[in-house]
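Just so you know, the protein sequences line up as chains A and H, in that order.
Take the first sequence: its position 33, counting from 1, is numbered 33 in full-length UniProt numbering, and each next residue is one higher.
Take the second sequence: its position 139, counting from 1, is numbered 139 in full-length UniProt numbering, and each next residue is one higher.
Any given hint could be a false lead.
Distance condition first, Cα-Cα at most 35 Å in a straight line; then the derived DSBU-like pairs of lysine-lysine [claimed, not checked]:
no. : chain 1 : residue 1 : chain 2 : residue 2
1   : A       : 9         : A       : 22
2   : H       : 125       : A       : 10
3   : A       : 9         : A       : 71
4   : H       : 165       : H       : 125
5   : H       : 125       : H       : 197
6   : A       : 22        : H       : 125
7   : A       : 10        : A       : 22
8   : A       : 75        : H       : 101
9   : H       : 125       : A       : 71
10  : H       : 101       : H       : 65
11  : A       : 10        : A       : 75
12  : H       : 65        : H       : 165
13  : A       : 71        : A       : 22
14  : H       : 65        : H       : 125
15  : A       : 75        : H       : 125
16  : A       : 22        : A       : 75
17  : H       : 101       : H       : 197
18  : A       : 9         : H       : 125
Covered, in the sense of this in silico footprint (three residues per stretch, anywhere, with C-beta under 8 Å from a C-beta of chain A), are these stretches of chain H [said to hold, decoys possible]:
no. : segment
19  : 124 to 131
20  : 169 to 176
Beta-carbon label-pair distances, calculated as ranges [said to hold, decoys possible]:
no. : chain 1 : residue 1 : chain 2 : residue 2 : range
21  : A       : 37        : H       : 30        : 32 to 38 Å
22  : H       : 66        : A       : 46        : 25 to 31 Å
23  : A       : 64        : H       : 231       : 32 to 38 Å
24  : H       : 203       : A       : 48        : 51 to 57 Å
25  : A       : 37        : H       : 44        : 41 to 47 Å
26  : A       : 24        : H       : 231       : 54 to 60 Å
27  : A       : 58        : H       : 173       : 24 to 30 Å
28  : H       : 198       : A       : 37        : 46 to 52 Å
29  : H       : 66        : A       : 54        : 15 to 21 Å
30  : H       : 102       : A       : 64        : 25 to 31 Å
31  : H       : 146       : A       : 50        : 46 to 52 Å
32  : H       : 125       : A       : 6         : 49 to 55 Å
33  : H       : 61        : A       : 34        : 43 to 49 Å
34  : A       : 46        : H       : 30        : 29 to 35 Å
Derived from the structure by calculation, the hints contain no laboratory data.
Don't be surprised by glycine CBs; every beta carbon is placed ideally from N, CA and C.
For reference, the chains in residue letters:
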Amino acid sequence: MSDIAERVKKIVVEHLGVEPEKVTEASNFIDDLGADSLDTVELVMAFEEEFNVEIPDDAAETIQTVGDAIKFLEKNSA
Amino acid sequence: MFDLTGRKALVTGATGGLGGAIARALHAQGAHVALSGTRRAVLDELATELGGERVAVVEANLADKDAVEALLPAAESALGGLDILVNNAGITRDNLFMRMKDDEWEAVLNVNLTAAFRLSRAALKGMMRRRYGRIIGIGSVVGATGNPGQGNYAAAKAGLVGMTKALAAEVATRNITVNCIAPGFITSAMTDALNEKQRETILTRVPAGRLGTGAEIGAAAVYLASEEAGYVTGQTLHVNGGMAMY
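Isolated chain A, as found in the complex (with noise of 0.2 Å):
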């Protein structure tokens, strides 16, 4: 597992206090982590402090697995 993976869990993990074991690359932070809709504006800009980026509006509302958000980040991520 890529490092930014690891660290995309991680934030997942403390912000939604959801077991690790439950956060897959398939998790939806809805569906099946149990996240409100502020839950994710949230993670988003827990995930821009972490990797240093900016994630625009249109880019967060892609957002909305664990993967999605791994794969924006390794794409955009330095």
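Given chain A, put chain H in place with the hints provided.
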């Protein structure tokens, strides 16, 4: 009770009577206060009056979109964060409805409502992260009752109430409260200019039989800004001597 020691507050329109009174009240409870307004000299004077400690001046003209965007970051960097945002700045461009110009409408909506939206949106980021925030909008009794000649102002102030409720519902789980204060007739430079007859006419509408003071609005702001008011959100606190009751 209502101790604000260590809390960081931005008050817009701090050059005005109400804004100044709110800033003084928050400061007196221990808050660090950033004063915003268009008249630098007046802001500096207030900062000096507050002893120059726990106070910062961040000039901004809220009619200017870029200035609005720059204000929140400037206040956060001056204070080292922001816990309390008081959207107090407001202007009037009174005119009879049939004569009201588009620019009179737009100017009032822009400063009184749109700037409050933009500042609140900008403030939320840090408040969400810190899981604490107090956003206070200064409305008006006119937003609830209407007033001839103030279609634009009443619309903006009523809009602030609706915006407050929507935002309050969105962020309540994050320990951020969003409320309004709706002052009635308060002693100010404007009311000082009234003649005796005008003053009497106004007072016939106020059961308390007197005008309110800025300090009474400041006290309401202190309450809503306090930890103790953490379960109060989406509300409008009417401070009007009983002239309109809800």
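Here's how the hints hold up against the structure:
A distance of roughly 10 Å separates the Cα atoms of residue 9 of chain A and residue 22 of chain A; the hinted pair therefore holds under the 35 Å criterion. Taking the CA atoms of residue 125 of chain H and residue 10 of chain A, the gap is near 21 Å; set against the 35 Å cutoff, the hint holds. A threshold of 35 Å between alpha carbons decides the hint, and for residue 9 of chain A with residue 71 of chain A the separation of about 13 Å falls inside it, so the pair holds. For a cut-off of 35 Å, the pair hint linking residue 165 of chain H to residue 125 of chain H stands: about 18 Å separates their Cα positions.
Simply put, residue 125 of chain H and residue 197 of chain H have alpha-carbon atoms about 49 Å apart, too far for the 35 Å limit, and the pair is violated. Proximity of residue 22 of chain A to residue 125 of chain H is assessed by CA-CA distance (about 28 Å); at most 35 Å being required, the pair is judged to hold. Between residue 10 of chain A and residue 22 of chain A the alpha-carbon distance is near 12 Å, which keeps this suggested pair within the 35 Å criterion. Of the pairs offered as hints, the one joining residue 75 of chain A and residue 101 of chain H is violated, with about 51 Å between alpha carbons and a cut-off of 35 Å exceeded.
For the suggested pair residue 125 of chain H and residue 71 of chain A, the alpha carbons sit about 24 Å apart, so the restraint of at most 35 Å is met. Of the supplied pair hints, the one linking residue 101 of chain H and residue 65 of chain H holds, its CA atoms being roughly 21 Å apart against a limit of 35 Å. For a cut-off of 35 Å, the pair hint linking residue 10 of chain A to residue 75 of chain A stands: about 19 Å separates their Cα positions. The hinted pair formed by residue 65 of chain H and residue 165 of chain H meets the criterion: a straight-line CA distance of about 24 Å does not exceed 35 Å.
Note on residue 71 of chain A and residue 22 of chain A: the hinted pairing holds, with a Cα-Cα distance of about 19 Å set against a maximum of 35 Å. The suggested pairing of residue 65 of chain H with residue 125 of chain H holds, with an alpha-carbon distance near 19 Å, which does not exceed 35 Å. Restraint check: the Cα-Cα separation between residue 75 of chain A and residue 125 of chain H comes to about 25 Å, which is no more than 35 Å; the hinted pair holds. Under the criterion of a C-alpha separation no larger than 35 Å, the hint pairing residue 22 of chain A with residue 75 of chain A is consistent with the structure, at around 25 Å.
Our distance criterion of 35 Å between C-alpha atoms is met by residue 101 of chain H and residue 197 of chain H, whose separation comes to about 30 Å. This hinted pair checks out: residue 9 of chain A and residue 125 of chain H have alpha carbons roughly 22 Å apart, not beyond 35 Å. Remark: the segment 124 to 131 of chain H is confirmed as covered by chain A, as 3 of its residues place a Cβ nearer than 8 Å to a Cβ of that chain, reaching the required three. Residues of the segment 169 to 176 of chain H with a Cβ under 8 Å from some Cβ of chain A number 4, which satisfies the need for three, so the listed coverage holds.
Taking 32 to 38 Å as the suggested C-beta distance range, the pair residue 37 of chain A and residue 30 of chain H conforms, at roughly 36 Å. Checking the proposed 25 to 31 Å range against residue 66 of chain H and residue 46 of chain A shows it holds: the Cβ atoms sit about 28 Å from each other. At roughly 33 Å, the beta-carbon separation of residue 64 of chain A and residue 231 of chain H lies within the given 32 to 38 Å, and the hint holds. Hint check: residue 203 of chain H to residue 48 of chain A, Cβ distance near 55 Å, so the stated range 51 to 57 Å holds.
The hinted window of 41 to 47 Å between residue 37 of chain A and residue 44 of chain H holds, with their beta carbons roughly 43 Å apart. Against the hinted window of 54 to 60 Å, the Cβ-Cβ separation of residue 24 of chain A and residue 231 of chain H comes to about 38 Å, which falls outside the hint. Checking the proposed 24 to 30 Å range against residue 58 of chain A and residue 173 of chain H shows it holds: the Cβ atoms sit about 26 Å from each other. At about 50 Å, the CB distance of residue 198 of chain H to residue 37 of chain A agrees with the hint of 46 to 52 Å.
Against the hinted window of 15 to 21 Å, the Cβ-Cβ separation of residue 66 of chain H and residue 54 of chain A comes to about 19 Å, which satisfies the hint. Judged by the Cβ atoms, the range 25 to 31 Å given for residue 102 of chain H and residue 64 of chain A is violated: they are separated by roughly 42 Å. Range check, residue 146 of chain H to residue 50 of chain A: about 50 Å between beta-carbon atoms, so the 46 to 52 Å window is met. For the pair residue 125 of chain H and residue 6 of chain A, the beta carbons lie near 26 Å from each other, so the given range of 49 to 55 Å is not met.
Distance hint check for residue 61 of chain H and residue 34 of chain A: the Cβ-Cβ separation is about 44 Å, which falls inside the suggested range of 43 to 49 Å. Separated by about 31 Å at the C-beta atoms, residue 46 of chain A and residue 30 of chain H satisfy the suggested range of 29 to 35 Å.
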